[in-house]
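Chemist: Read off the chains here:
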Amino acid sequence: MSHAAPTTATNARASIAQMRSLRSFALLLPLCVLPQDPVRTSFAVLAGFDWTAGMKLPDEVTKLDNQKVQIGGFMLREAPGSGPVTQFLLINDACGCTGTPKMNEIVFCAMPDGATTDIKNGVVQVTGTLYVGEQKEEDEVVAIYVMDVDSIQ
Amino acid sequence: MMPTAARALSALLFVACCAAQATTAEQDWTKHVDRACTSPRYGLRLAAAKKVGQGGEAAMPAVRAWEKQHGINTLPVALVEAIADHGGDGEGVLGTLQEWASNHDFYWRAQALRGLAIRAQDNEALRARFASLFLAHVEDPAWLMRTFARWVVEDPARDFDVTQAQGQVVRATETDPRARTKLATLRGDARELFSALGDARTFLGDPWGKRRASEAIATLKALLGTDGGYRIDAPSSRASLPEAAQAGSLVGIEADNAAALLRLADAIAERDSGGKPECARLADPPLAFLGGIEIQSCKHGDYFLHWTADGLVRGGPSPDCPISVQIAPGVFGSLLHSSTTVTVPVQSGVVVCDKMRIHLRADVEQAVAAPAALPDSAADWLKQLAAAIEVSGQQPLADALRLRLGQFVMPAKQAR
Chain C
1 MSHAAPTTAT NARASIAQMR SLRSFALLLP LCVLPQDPVR TSFAVLAGFD WTAGMKLPDE
61 VTKLDNQKVQ IGGFMLREAP GSGPVTQFLL INDACGCTGT PKMNEIVFCA MPDGATTDIK
121 NGVVQVTGTL YVGEQKEEDE VVAIYVMDVD SIQ
Chain R
1001 MMPTAARALS ALLFVACCAA QATTAEQDWT KHVDRACTSP RYGLRLAAAK KVGQGGEAAM
1061 PAVRAWEKQH GINTLPVALV EAIADHGGDG EGVLGTLQEW ASNHDFYWRA QALRGLAIRA
1121 QDNEALRARF ASLFLAHVED PAWLMRTFAR WVVEDPARDF DVTQAQGQVV RATETDPRAR
1181 TKLATLRGDA RELFSALGDA RTFLGDPWGK RRASEAIATL KALLGTDGGY RIDAPSSRAS
1241 LPEAAQAGSL VGIEADNAAA LLRLADAIAE RDSGGKPECA RLADPPLAFL GGIEIQSCKH
1301 GDYFLHWTAD GLVRGGPSPD CPISVQIAPG VFGSLLHSST TVTVPVQSGV VVCDKMRIHL
1361 RADVEQAVAA PAALPDSAAD WLKQLAAAIE VSGQQPLADA LRLRLGQFVM PAKQAR
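As given, the protein sequences belong to chains C and R, one line each in that order.
All letters in the first sequence, in the order written, are residues 1 to 153 by the working numbering.
All letters in the second sequence, in the order written, are residues 1001 to 1416 by the working numbering.
Worth flagging that the hints you see were computed from the coordinates, not collected in a lab.
Given the structure is predicted, the values throughout are model-derived calculations rather than measurements.
Check the hints yourself; a few may be wrong.
What the hints assert, rightly or not - To be clear about the criterion: a stretch of chain C counts as covered by chain R if any three or more of its residues have a C-beta under 8 Å from a C-beta of chain R, and this derived list gives those stretches: (1) 54-68; (2) 99-110; (3) 118-124; (4) 141-153.
Said to hold, decoys possible - In the SDA-like style, the derived pairs of lysine to any residue whose C-alpha atoms are separated by at most 25 Å in a straight line are: (5) C/63 / C/82; (6) R/1210 / R/1273; (7) C/120 / R/1233; (8) C/120 / R/1377.
As the list claims (entries may be wrong) - Derived CB-CB ranges, DEER-like: (9) R/1331 / C/87: 38 to 48 Å; (10) C/133 / R/1231: 23 to 33 Å; (11) C/63 / R/1331: 54 to 64 Å; (12) C/81 / R/1399: 51 to 61 Å.
Here a beta-carbon is modelled for each residue, glycine too, at the ideal position from N, C-alpha and C.
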């Protein structure tokens, strides 16, 4: 899912959103016909390998691309602050004290257009469509897992 | 021969060129440090931090300038880790890591100490140079600090001359399960790692036991070349390993990790030429906990406390909550009743590292408070709880709660 590096983060976000929209649209028809139960997955699967930029991702995770999944974890702001957010990181560890989450230990979650959420404390279950693959901005990998969020419990 | 004026001009141009290059390089590092600290995109912060770390000595002036201008706790953990991992052995890097590791108020001091511990593993001179620093932190309340200190000081493969550095020191055995596993990961201690594989314990819904098992199996896989088919998400082994082995029948329970545990035990026994290691299932006690608090502090160490409806309180510095106390049901009932008047916003203050997670009652959402941001009503209630714990005979647990509350109480409250 890598694509050309946009010049600004804003452009990158727009292009990611556009790409997701197109892919979501492509999935809409079968979704309309067949309701999809989320696949339960976990960070044990998503983070179960040593990631290096440019590597071929394991089949275990690529098979989750474009799938409706449910995953448990902790919500984290992408940057320190307060108040509701439109995007957040889902991580496996409540405290960054044990180190920086690696790229494959993070699901970058985007709320539906116009929706926001508070950062909830404790473990949450997030359901949505997962996109798997390196995403780049300014030649740097900025995400491997991106999710369009349907619900947070 | 080049005329003198031309040589002088040439020399001037050379100096100017070098100065310009130095300035450009300096500006670049400043830009990378700035991005590592402030980019709104996590991935870009991470990439910039790595670049700065790889810059080593050359990048350090920009890092220190940022620290001086914005304060040490604006440095992100990723930047400190990158310097620890990739910064090299230059004096600027070593001195900075030493200074950071020695700074009790720095959130990421453990990551800095880790950088020195990595360097000290194969370097006698650095081990000697930082001996007093490592020794000073083997009993640190922050478990990561003492883990990295112990990694160097208690390395069974090397003779760390404790007596020479600080006199005879008698240290307690590490009891925090997280620290034991981390230390085993650093040391490649397969038996200790194996013992973590049955851990399924939780605290306030946080599956810390599974996380511990996950760290253990990742290291075991690297050590043994196999994970034996162990799956972190599989149901935990239904019996301790010896029981499972004695039962002699693992057929039909492949979904369970018992079979994988047996394969791993065999692999470890073969590798070590010893007996089979043991792994017991570690699950939460069959108690319904109504609420609790969790303090995670890179500065002061962690603190956990949770309670049942009938006043059984368990807590301590590690998430297995090794200390228990029973508060008289009448006293605890009154406390619970008064908790209904306590309102805690979902987030109080801006959390960077240290934080308190609060779940006062089952019917309210979990909340989190940054240092010096805990609402007065919650602080008062927790002080009442500390008093009840003390009266019930667990003064150390009560004292620890009071002490740790101090970091989170609002400054105006502290002054009163």
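Chemist: Could you check the structure against the hints above and give me the numbers of any it violates, in ascending order?
Modeler: Failing hints, ascending: 1, 5, 6 and 12.
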